[in-house]
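Student: Take a look at the letters that make up each chain.
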Amino acid sequence: LMATSTTASVALPTVTHLFDDFRADLDDHNDRRERLIKASRDITNLSKKTIFLLHRLALEQPAADDQNPGKRAAQQGYEKLREVQNIYSKLQSELVGDRFWRYQRQVSPGLQEYIEALSFAHYLEHGTLIPFDEVQKTLMDSEGVEQYVPLSVSDYLLGLSDLTGELMRFAISGISRRGGRAKAVEVCAFVRGCKADFERMSPYIRDLRKKQIVTAQSLEKIEDAAYAIAVRSSEYDLPPELLDDIVAQSISN
Amino acid sequence: LMATSTTASVALPTVTHLFDDFRADLDDHNDRRERLIKASRDITNLSKKTIFLLHRLALEQPAADDQNPGKRAAQQGYEKLREVQNIYSKLQSELVGDRFWRYQRQVSPGLQEYIEALSFAHYLEHGTLIPFDEVQKTLMDSEGVEQYVPLSVSDYLLGLSDLTGELMRFAISGISRRGGRAKAVEVCAFVRGCKADFERMSPYIRDLRKKQIVTAQSLEKIEDAAYAIAVRSSEYDLPPELLDDIVAQSISN
Amino acid sequence: KMDSDQVEKINGLLERDVELRENIKDQVNELDKKTRTMVGLLNKIHSTPPDALPALLESVRPTLLSCRDVTGALSTIIPPNQFWRWKDMWSNSMRTAVFAAALIEYLSNRALLSLSQAAELLGIKEEFSDRMTLPVEDYLHSLISLVNELSRLAVNAVTLGNFEEPIRISMFVKDLFAGFSMLNLKNDTLRRRYDSLKYDIKKIEEVVYDVSLRKLASPSPRPS
Amino acid sequence: KMDSDQVEKINGLLERDVELRENIKDQVNELDKKTRTMVGLLNKIHSTPPDALPALLESVRPTLLSCRDVTGALSTIIPPNQFWRWKDMWSNSMRTAVFAAALIEYLSNRALLSLSQAAELLGIKEEFSDRMTLPVEDYLHSLISLVNELSRLAVNAVTLGNFEEPIRISMFVKDLFAGFSMLNLKNDTLRRRYDSLKYDIKKIEEVVYDVSLRKLASPSPRPS
Amino acid sequence: KMDSDQVEKINGLLERDVELRENIKDQVNELDKKTRTMVGLLNKIHSTPPDALPALLESVRPTLLSCRDVTGALSTIIPPNQFWRWKDMWSNSMRTAVFAAALIEYLSNRALLSLSQAAELLGIKEEFSDRMTLPVEDYLHSLISLVNELSRLAVNAVTLGNFEEPIRISMFVKDLFAGFSMLNLKNDTLRRRYDSLKYDIKKIEEVVYDVSLRKLASPSPRPS
Amino acid sequence: KMDSDQVEKINGLLERDVELRENIKDQVNELDKKTRTMVGLLNKIHSTPPDALPALLESVRPTLLSCRDVTGALSTIIPPNQFWRWKDMWSNSMRTAVFAAALIEYLSNRALLSLSQAAELLGIKEEFSDRMTLPVEDYLHSLISLVNELSRLAVNAVTLGNFEEPIRISMFVKDLFAGFSMLNLKNDTLRRRYDSLKYDIKKIEEVVYDVSLRKLASPSPRPS
Amino acid sequence: KMDSDQVEKINGLLERDVELRENIKDQVNELDKKTRTMVGLLNKIHSTPPDALPALLESVRPTLLSCRDVTGALSTIIPPNQFWRWKDMWSNSMRTAVFAAALIEYLSNRALLSLSQAAELLGIKEEFSDRMTLPVEDYLHSLISLVNELSRLAVNAVTLGNFEEPIRISMFVKDLFAGFSMLNLKNDTLRRRYDSLKYDIKKIEEVVYDVSLRKLASPSPRPS
Amino acid sequence: KMDSDQVEKINGLLERDVELRENIKDQVNELDKKTRTMVGLLNKIHSTPPDALPALLESVRPTLLSCRDVTGALSTIIPPNQFWRWKDMWSNSMRTAVFAAALIEYLSNRALLSLSQAAELLGIKEEFSDRMTLPVEDYLHSLISLVNELSRLAVNAVTLGNFEEPIRISMFVKDLFAGFSMLNLKNDTLRRRYDSLKYDIKKIEEVVYDVSLRKLASPSPRPS
Ligand SMILES: [Mn+2]
Ligand SMILES: [Mn+2]
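Protein chains in written order, with this note's numbering: chain H, 1 to 253; chain D, 1001 to 1253; chain C, 2001 to 2224; chain L, 3001 to 3224; chain G, 4001 to 4224; chain E, 5001 to 5224; chain X, 6001 to 6224; chain Z, 7001 to 7224.
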């Protein structure tokens, strides 16, 4: 009788031992999850700040000798985003192998905000949508061998979809700048194209469908601005640059 | 004409200067908010772990010579909660003066979870509800002079309200332990009293009204367990300790 | 189960807060009446010719200064360090008061009322700071309201035949917008309201455009 | 506006995923059929006398082993590193399969099926790990289902006149619960299900209580 | 025990209410038809030249007056003291009817329909007051709808070449708005709708601006 | 133009309502305190042995009767005919008060408190009817709360060793439920709460089952 | 331009549907009354001794058969092909009727009412199929309600001293459950309700356990 | 007992539906691709000058006509009488297709696509009516989408220098709106969307205002 009771207390450690491993495993997972959530918040904040910076730079009157003021703004944006890339480089081991998809829900919000900021800078420099591969390249070490964090099509598209909102702000805020009216018309066409392109992809990505509604609203806002420009200038039979000059003079006088 | 335009560009720096300060102020605020959110997550996690630890210790069969097994469990709980107190001691400057109420929404969730864990340990040791002042004391430096973080009545009560859920788990999980049946009946009376006490305070605190519903559910669960004990033992005309012994023997045999 | 002295102590604390809230509410109602009066009077700027403006502004000033009674009372009622606990009760009213002050300042001196000037005008003293202060956010909200109102004024000034006003407003508002764009705002009300500023600027710009192209504006030196 | 080759590339990637999802779904349907069969058969343990049990368990085993076809197929279909991307599609089915395996193991050997044994039985190989693995969470879910089922079995065993079973189940389940209580769970489904375990233990305890007090149970040595 | 008397009595009470609701609903449907007709006809004001307006307004009046049938019927159906119990069923329709009345009044006499005039027009008699009355909130809702419609009319009048109309509307609406701004509205739908009035006013101001900028008409200065 | 008479009159109406609301709120707070006190005390029935029950119930009665102060005050404050306008402010508290009264009645006399008894106990007089009355819906809500509480009591009575109580409760609740099921409830909150009664009944039936299975008490057969 | 022909035609279509909905609603109200009556009567099975049961069941049958009036009327009202358009209006009532029929069948003959028997009893003829049919989902919902009721009956039968009933119910329900578990239910309400069946089965098993533990009756072994 | 015949029969019914749903889903995906392509192409109307419009519309037509493949396939897949059972699966896509057709019709012929024309264009034949038809609600939804799009087009046409378009759109939309306002819409999504049309109309009126104020084009007077 004593003997069996001893056996019983020997059997117990097996379960305990087993669950010890599980505990370590779960704690490890939760700790990593926490680290990624915190890092993702930092990345989101840095990216948002970059977007504000880009708006600020885009609004400044360019120096007279500046051939491509957008490029200058973009450079400063890229510079600031290097901080984000640094964070990702440090996270590499947390996101290696199958871990990216395991923690995707924690990582995506920051990643999408980063792509939004990066694509904004890219648009200011080139006037185009940043290609998938180029986004990927910014998340690699300098030799272009190791990917800090894998890029999913969904994150890429959702980040770009947010870009249209920033472009709307950029276009409308810039209207009072010299050349801003022409820029607004350009952005209007660009965003209209984006919306059409995303339309065909949206059945595949749940969140993109929702974001398309926001894009449609942004587009309408730009269209309304472009309309206001057109309707007002149509009263005068003068080329737009001349109109700009007349207005500028009446203010600076 | 040139002169006025110069005046204009001199006027600009004033606004810029003004907003420079605002930017610093807002950035400072947002950064502090972020730090507090992160610290609060850590505190919540540590407190939750402490609660698990206390359940685990409470479930262990006590050593034969242990006069007050609850006290031993509580001591280990207090020990672990010292980590939380350390975090608060480091946050003191972030929460000094009017800052506590400014960041209350960020700080409260962690604080309430801490109070839940602390009051659980206290209950295991004393079988009573921890008083307001004692919670406050744990958040002071060793000389009892400086308060790391002010304690609001609302956080105190909301933390205690969560305690009832843990007590429900404690009572029901412990029913199969020797003496667990008596303990469950004891907890039942205690939680019933808590619910009645909180009832009169709940009009003052919005969230407490919601949590009272959860407390009511927990209470009903304990009542159901106490009922099951009573109904089964009523078939036999034996004192409860004897019933416990018979059951224990049939298992250990 | 709580000790009865604990119950009593906590009930005491809770009831103190209820009473406090009542007292604050009374003051906020007071402040609300004042801001309603000021907004009602200032609404007339849209139909008032330039020469009658100083008198109109002067008529608002007493009410503006009387807001000091409220801020003074609040600074006495609010317990130490609890400014942020209660401020949501009056932020809207206070923002309207600061808006009124800033509008008067702009129309009187074509100048931006600074945060410290605003606090001073409303009787919010440095030494109240843990009970009553004017947070940057609230001040910024007031400035946005100011821009909203100025964009409306730009339109109505032209209707009244005042073609200089839109141009002055345009310059003032652009500076202000440049200031705002220096801030890193998070996604809150302030951000949303800041976002809407661009429409005001656009509107003002359209008026300037109309006015310039019709060559109705005579050049005027910009006040510094 | 996207380059047309970008559009094509991205559309290609998106469509690849759609196809992948279809393929996985087919496999999951397959697995679902198998688990439904196993659960149907294992449901009979509640009315099967002890001596007929081995045959019943034996009849389930082929279906259990055939799950290896599905895990093998999935390990081929899932692209490298994408296990966590798709696993929600089959976790429920896989948990049921592991539950069946653990129940068979308990009833055959009164032993706890370990995680690695479970993986092995279901043909989930170490080398598949970035495409097909058995996560701890899923394994734990299956153990909770096992406890749910055993608490029901404790009741029905007594109905069938088997008074030893509840006592053996009681000891087994208590060990398992002690194991579970070592974990730090966050507020998710696993936590909720773990929380409900105490009711199963209580139920089993009541059966043990009934049985013990009626002195119907004869003492039996505990298998190690 | 709930005896059958009790049950019968309670059931009687419940069923009386069900029937009452049905009867009210029929009347509200009736009222709805009338207001739909009026709104349909009044929609033509946006494309009707000034000289054809009186005839249009005259064509609406019979329907307006026929609303008295509904208010009369309701005052008979509603039990004493239960006005506030059922009023939500018809408030929307009644507000539309009052809106129609106020719009006709403005377009006929450039005057504001008063609360008592509105009640009188719709046949809501003083002596009905515990069963049918026109609450001040509903009246104010109707006035806000009037402003919404007039801001649209200001735009369309210009399209029709009527450049004086916006100026008259502007004055009327500004007076109305000044009245509103003296009311102590609490934070409810009415307050939100009142807050939205400023967009209508801005729109009207912009029309007046456009007209006066082009010297198509000029707002006469008014005593402040 | 909205003349100042109109504005003043309207403002008077609006402000009267604001003040009225404040006054009602004070009374409702008062009533709320009373009902919370009663609920707190009545909570003890679950741990009170039968012989100590009368004293407990007696201790609640003064608070119950003091509710008459509130209903009396409300009947004075509410303007004629406006009962239905304001009743949502106190229905919850009133339902709790009626619940307390019905629980006391059941525990004292094993009888169902009727609608008119409830009104009488709470001091709601016939002559108040256009300002203060007890609508049948509120009474029915209270009865449902009573059943909720009694199902809990059935459980706790057994824990206290009182095996007859559940049987009495079962009979009382079944009669009540039969009464309810003859009412024509429409699809609203009351209906949903009524539908949930079946869970309470099941629970009570299970208690009666446990008690009679173990021959701790036996339900007397009753004529069907 | 939407010509008046078009408008008229469309309005005709819309109004036909409105009227249709009204007509259907009337029939559903009729059906609701019948099912309420049946449920009220059948509720008595829980307190009726076995020998009085046949009379009770007989008293329900006329109401059950009178449901044919409603299904007949619906089959006339519903336009060809529109069964699926309107069926949500009556599914709940129809499920209750089928539940009543299945309960009567079980208590009379200890047999499961088949889908076609159910349709036949309720007068749903093959030739109505494009306007009125009994979808398999609704039939299954009714069977689940049957199990819910039987688990309650198992408890109450024991209270009445009928210890064989739970054992018969247990066997019937287990067979039914085994049938269900072979169905391929998708993730909808039906699936969720099916999943909840296991609680009923556990409850019944516990009753059988209680009865057999106390040797009040003994489940006969059955061929597996 | 649920015999295996029954089970098999029921399972057959359930599985037929599962398969049916899969098949319909495939067709709906197909239709979805087509409508998205059309919407993508039609998006270009906002930046296409009038002379390039016919070619653009022509490029959409093949896709539009290819929708007939889907409606044809659906009419084969859907079992007799089950149109209303499944229609929710494709209503959204179908509405978009009808919207595209109506937009093309308007831009080509300045005419309103009738319900029967829409059905004909999309290959929905009279003889399909119990499996595939175009309900009037869906048609009306498409017309509302058309107005939404045209209000945007009015704006963008002006940007492109086409000042006549808004005037034509204005007349078309007003006629359509007048038609709608004669319909008896009940309180559902359609009603809400109809109510929102007034914003589109206001927007179009403002464009017409801008254009006529500046004498860029002039709306021809029309008989009221
Ligand atoms: Mn953004
Ligand atoms: Mn907790």
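A few of these clues could be false.
Claimed, not checked - For lysine to aspartate or glutamate, the following DMTMM-like pairs were computed, each having C-alpha atoms within a straight-line distance of at most 25 Å: (1) Lys6174(X) / Glu3120(L); (2) Lys5087(E) / Glu5164(E); (3) Lys4198(G) / Glu2022(C); (4) Lys7198(Z) / Asp6003(X); (5) Lys4087(G) / Asp4005(G); (6) Lys183(H) / Glu143(H); (7) Lys3203(L) / Glu1220(D); (8) Lys5087(E) / Glu5030(E); (9) Lys49(H) / Glu2015(C); (10) Lys5174(E) / Glu4008(G); (11) Lys4025(G) / Asp5138(E).
These are computed hints drawn from the structure, not numbers from a lab.
Computed from a prediction, not measured in an experiment: that's the story for all the values here.
Student: Please go over all the hints and tell whether each is borne out by the structure.
Tutor: Going through the hints against the structure:
| no. | hint | verdict |
| --- | --- | --- |
| 1 | Lys6174(X) / Glu3120(L) | 34 Å, violated |
| 2 | Lys5087(E) / Glu5164(E) | 40 Å, violated |
| 3 | Lys4198(G) / Glu2022(C) | 32 Å, violated |
| 4 | Lys7198(Z) / Asp6003(X) | 20 Å, holds |
| 5 | Lys4087(G) / Asp4005(G) | 32 Å, violated |
| 6 | Lys183(H) / Glu143(H) | 37 Å, violated |
| 7 | Lys3203(L) / Glu1220(D) | 17 Å, holds |
| 8 | Lys5087(E) / Glu5030(E) | 15 Å, holds |
| 9 | Lys49(H) / Glu2015(C) | 44 Å, violated |
| 10 | Lys5174(E) / Glu4008(G) | 18 Å, holds |
| 11 | Lys4025(G) / Asp5138(E) | 24 Å, holds |
Consistency with the previously given hints fails for numbers 1, 2, 3, 5, 6 and 9, ordered from lowest to highest.
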